[in-house]
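One-letter residues, chain by chain:
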Amino acid sequence: MSKSKPLLFSTLGKKLIMSLTGLFLCSFLIVHLIGNLQLFYNDQGKAFNEYAYFMTHFTPIKIVSYLLYTSIVIHAIYALVLTIHNKKARPVGYAVYRGSANSSWNSRNMGILGTVLLVFIVTHMSQFWWKFHNDQVPYIEYRTDLNTNKTTATELVAGEFTDYMEYVDNGVAITKARDLYKQVAFTFKEWYWVALYVVSMAALSFHLIHGFKSAFQTLGWDHKKYAPIIRFVGIWFFGVAIPIGFAAMPVYFYLSN
Amino acid sequence: MSGNMNLTLKVWRQKNDNTRGKFVTYQANGISPDMSFLEMLDVVNEDLVRKGEDPIHFDHDCREGICGMCSLHINGRPHGPKQGTTTCQLHMRSFHDGQTVVIEPWRAAAFPVIKDLAVDRSAFDRIQQAGGYVNVNTGGVPDANVIPIPKIIADEAFESATCIGCGACVAACKNASAMLFVSAKISQYALLPQGQTERYSRAQAMVAQMDAEGFGSCTNTGACEAECPVGIKLTNIARMNREYLNAKIFKEIEVH
Ligand code: HEM
Ligand code: SF4
Ligand code: FES
Numbered sequence: 099m100s101k102s103k104p105l106l107f108s109t110l111g112k113k114l115i116m117s118l119t120g121l122f123l124c125s126f127l128i129v130h131l132i133g134n135l136q137l138f139y140n141d142q143g144k145a146f147n148e149y150a151y152f153m154t155h156f157t158p159i160k161i162v163s164y165l166l167y168t169s170i171v172i173h174a175i176y177a178l179v180l181t182i183h184n185k186k187a188r189p190v191g192y193a194v195y196r197g198s199a200n201s202s203w204n205s206r207n208m209g210i211l212g213t214v215l216l217v218f219i220v221t222h223m224s225q226f227w228w229k230f231h232n233d234q235v236p237y238i239e240y241r242t243d244l245n246t247n248k249t250t251a252t253e254l255v256a257g258e259f260t261d262y263m264e265y266v267d268n269g270v271a272i273t274k275a276r277d278l279y280k281q282v283a284f285t286f287k288e289w290y291w292v293a294l295y296v297v298s299m300a301a302l303s304f305h306l307i308h309g310f311k312s313a314f315q316t317l318g319w320d321h322k323k324y325a326p327i328i329r330f331v332g333i334w335f336f337g338v339a340i341p342i343g344f345a346a347m348p349v350y351f352y353l354s355n
Numbered sequence: 006m007s008g009n010m011n012l013t014l015k016v017w018r019q020k021n022d023n024t025r026g027k028f029v030t031y032q033a034n035g036i037s038p039d040m041s042f043l044e045m046l047d048v049v050n051e052d053l054v055r056k057g058e059d060p061i062h063f064d065h066d067c068r069e070g071i072c073g074m075c076s077l078h079i080n081g082r083p084h085g086p087k088q089g090t091t092t093c094q095l096h097m098r099s100f101h102d103g104q105t106v107v108i109e110p111w112r113a114a115a116f117p118v119i120k121d122l123a124v125d126r127s128a129f130d131r132i133q134q135a136g137g138y139v140n141v142n143t144g145g146v147p148d149a150n151v152i153p154i155p156k157i158i159a160d161e162a163f164e165s166a167t168c169i170g171c172g173a174c175v176a177a178c179k180n181a182s183a184m185l186f187v188s189a190k191i192s193q194y195a196l197l198p199q200g201q202t203e204r205y206s207r208a209q210a211m212v213a214q215m216d217a218e219g220f221g222s223c224t225n226t227g228a229c230e231a232e233c234p235v236g237i238k239l240t241n242i243a244r245m246n247r248e249y250l251n252a253k254i255f256k257e258i259e260v261h
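Residue numbers (the numbering used here), protein chains in the order written: chain U, 99 to 355; chain A, 6 to 261.
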């Protein structure tokens, strides 16, 4: 008879890791979406650029963001480990297999959907995160007249100054920042980036319509009263509202060009 | 007889686990729609025996849906196109004249092929032996009904206990996972007062054996529940996850 292995070496323990990292990523999506809604402000990107600076320089948030990167990596690694394990459990496949008769397409293709998401995450981070952290975005200066509350913005020449400044000079509030907003607007001038983002958000939707409720099942959190709530949140909030919210951003920039 | 059908069967033939198998095509002629699927195979086999050929091997015993011995992956689904039924209870009226029927064994590393369509499901026995029991005190015969059990709990445990161990859940799962079977066996004891003594060691021992047998992990697709002939629910899997994680995280002391 087999001895019980340590938790993380069992199939159930590996799924526990998948579900915890997956749910952590879900919680991140909420924060990321709410923050990015500032892209829709009609303020030449001031609120968004200030927010971008805050998110990259406030220590607790920096800690959480490293936790997040780790979660993505662990989630992807365990996805691979489990997929290999599952393939080994059926070395000879069926000639005829009617999966559609008993399960949803997305639940059977979490790995493919996840791979799309991984490609997306890498692309997305190289477009914004990498450029932001490596001085490859333009700079901008906002001047707000404190009497009239009018703001004007001018592009700054790169190299003239780095990072971020905020001060008041002669009744004018001045903010100098990296112009991530412009980087966003610039990127989504191209239809193919817009297309990639929209397709990836569709993949996110399918991944989470199954994934969110699946994570609770993995944790054993199944209850007559709460299961319908989890199902509802999984479909309508994580499967519909969040992906549509994200997809709206590239579409908005593309159309407002 | 009128209304009888002629079918084309594509049957997986394999000498044993060490040889490669292949599909062989047979004609099943004059099949009555009132026959069961297994009776249809009997007809084909009688024909093969008459011709001096090796009959098709398949598992069966009770032929009334209670023993769990029959199997068969029929046209892409375990126990055929109907839900909530075993292959022995599947009638030929679920097929139509001229149809091609592809018949395969359960496919799982943990269920090696014995011959043709018969697979070795003793992995299930070993999982059961690892913890699917309760200790009973010796002594006088206890009175019936001395331990109060709420009706809802008794019903739930009974429903879990209806699992016939057929393995359709493994066959249906894209990962060849045995979670539905194991969770039903864990649940039937975890729910009842009689099962409390070994509650946490049982969950750990049975999961360990399940993993050791080489079954896949659970992606919660729900294919098992949809294909289970007796309607074992996914709730059992959630309960097993709960029992196991609870045991591992909070009750490690109770490991065997
Ligand atoms: C924003 C990104 C992502 C989120 C929010 C997310 C969320 C989730 C959640 C909640 C689950 C359910 C866990 C469970 O059933 O216990 C899951 C499962 C899964 N995820 Fe992700 N995921 C993301 C990215 C990825 C990536 C990048 C990959 C692959 C490289 C991936 C591959 C998988 C796979 C294969 C499963 C199914 C595991 C199984 O049940 O066997 N996911 N994900
Ligand atoms: S859970 Fe259902 S499908 Fe699985 S072995 Fe038991 S009866 Fe068969
Ligand atoms: S032969 Fe017993 S259940 Fe089918």
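Take the hints with a grain of salt, since some may be wrong.
[What the hints assert, rightly or not] Derived EDC-like pairs (lysine to aspartate or glutamate); straight-line CA-CA distance at most 16 Å:
| no. | chain 1 | residue 1 | chain 2 | residue 2 |
| --- | --- | --- | --- | --- |
| 1 | A | K238 | A | D160 |
| 2 | U | K274 | U | D243 |
| 3 | A | K238 | U | D320 |
| 4 | U | K322 | A | E51 |
Calculated directly from the structure, the hints in this document are not laboratory data.
Hints, one by one, checked against the model:
Proximity of K238 (chain A) to D160 (chain A) is assessed by CA-CA distance (about 13 Å); at most 16 Å being required, the pair is judged to hold. Taking the CA atoms of K274 (chain U) and D243 (chain U), the gap is about 15 Å. The hint holds against a cut of 16 Å. For the given pair, K238 (chain A) sits about 12 Å from D320 (chain U) by alpha-carbon distance, which is consistent with the 16 Å threshold. For the given pair, K322 (chain U) sits about 51 Å from E51 (chain A) by alpha-carbon distance, which is inconsistent with the 16 Å threshold.
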